[in-house]
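To convert, note that position 283 of the sequence shown is 283 in the numbering used here; the numbers rise steadily by one, no gaps.
I should point out that these hints are in silico values taken from the structure, not numbers from a laboratory. Be aware that a few hints might be false.
Computed list of lysine-lysine pairs in PhoX-like fashion (alpha-carbon distance at most 20 Å, straight line) [to be verified]:
id, residue 1, residue 2
1, 150, 255
2, 150, 258
3, 228, 350
4, 228, 43
5, 41, 282
6, 41, 228
7, 333, 323
8, 255, 189
9, 282, 43
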Amino acid sequence: MASTPVKFISIFFLLLTTFAPQVLSVAPEECSAETGDCINKSKALTLKIIAIVSILVTSMIGVCLPLVTRSIPALSPERSLFVIVKSFASGIILATGFMHVLPDSFDMLSSQCLPEQPWHKFPFTGFVAMLSAIVTLMVDSLATSLYSQKHNGILPESVGGGHQELGVIGGGGHFHGHHHSGGIKEGAKGAQLLRYRVVAMVLELGIIVHSVVIGLSMGASNNTCTIKPLVAALCFHQMFEGMGLGGCILQANYKLFKKAAMAFFFAVTTPFGISLGIALSKAYKENSPTALITVGLLNASSAGLLIYMALVDLLSADFMGPKLQGSIKLQIKSYVAVLLGAGGMSLMAKWA
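Please model the complete structure; the sequences and the hints are all you need to start from.
Okay, structure coming up:
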C-alpha cells in the first residue's frame, strides 16, 4: 500500500501518453483554424517555456511549504493558523472546480463544432460531474474500508471487542477499562490517519487530471494573447492549490519518500502537459470534435471530484471537527479564509 499513490499516478501518465493521439483528429476548417494578430508561433513557444519553468517553481513552493512547517511551531497542524491556511487553500480548490474546470467543460461540450445530437440535447457536463462525485464517494469509502482491514490493528471493531471483554471480567474491570480507553483513543487516531491518507491520494489524482488537461491546452495553443495572462493565473493557482494538497499530505503523515513522490508528481503535471501540448501542437486541434469531447469529459469528471473533495473531505471534515466546533472565533476566521481563497480564484477566471 505504501507505493499505491505512485502506482496510480504512473499508470495515469502512461495512459495519457498512450491515448493522447486519439484527440488529434482534424476538425472542420471553420472550427480548427487559429487566426488573428495574436497568433505567433515563435513568441508563443517562448512564453510556453517561461510557463514551464515558472509553474514548476511555484508548484514546488506551494506543495512543499506545508511540508516544512513542522519546524515552525506556529504553522504545525495542531495550531489554529494551520487550520486557517488550509481553509484558504480548500476555498481555492473549491473555486477551481466550480469556476474554472466546470465552465470549461460546459463550453467544450456545447461547442458549435460538435454535432447537434447528442451533445446539444443533453447536459453531459453536469451528468458526468455528478457521476464523478458519486464514484469519488465510492472510492473514498471503499479505500478507507480496505485500508482499515489491511491495518486491522486500528479497526473500530477491536474497540467493540474491548467493551465485550469489560462485561465478562469482573474484578479486573477497572484495569481493563483503562487499557481499552487507551485503545479507543489510539483507534480514533488511527482511523483519522487513514482518512487523511485516502483524502491525500484521491485529491492528488483529481488535481493531476485537470492540471495535465490545462497544460495540454496551453501547450497546443499559439495564441499569445491567451497564454500571457494564463501563465500568471496558473502560477497563482498551482501555488495555492499545492498548499492545500501539501497540507493533506502533511496530515497523512507519510514517510519522506512518499511525500517527495507526491510533491514531485503534483509539481510536474502542468509542465508535463504543456510539454506534451508543444510536442503535439502540429497535429492537435483544440476545436476538433474528438478533442473537445475528450477534454470536456475529463474536465467534467475532474470538476466533480474536486468539488466533492473540497466540500466533503476538506471543508466539512474540518468545520464539523472538534477543533473548529470548539471555537466560534476560529470558525469565523476560517470562513473568511475560505471566502478569500474562493473569491481570489474566482477572479482568476477572468484571465484563465
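Quick rundown of the hints versus the structure:
1. A threshold of 20 Å between alpha carbons decides the hint, and for residue 150 with residue 255 the separation of about 18 Å falls inside it, so the pair holds.
2. Restraint check: the Cα-Cα separation between residue 150 and residue 258 comes to about 19 Å, which is no more than 20 Å; the hinted pair holds.
3. Note on residue 228 and residue 350: the hinted pairing holds, with a Cα-Cα distance of about 13 Å set against a maximum of 20 Å.
4. A hinted pair counts as satisfied when its Cα atoms are at most 20 Å apart, and residue 228 with residue 43 qualifies at roughly 10 Å.
5. Taken as a hint, the residue 41 and residue 282 pair is honoured in the structure, with Cα atoms around 11 Å apart against an allowance of 20 Å.
6. Between residue 41 and residue 228, the direct Cα distance comes to roughly 13 Å. Compliance with the 20 Å bound is thereby established for this hinted pair.
7. Taking the CA atoms of residue 333 and residue 323, the gap is about 13 Å. The hint holds against a cut of 20 Å.
8. Straight-line distance between C-alpha atoms of residue 255 and residue 189 comes to about 17 Å, which keeps the hinted pair within the 20 Å bound.
9. Of the supplied pair hints, the one linking residue 282 and residue 43 holds, its CA atoms being roughly 16 Å apart against a limit of 20 Å.
When the structure is compared with the earlier hints, no violation turns up for any of them.
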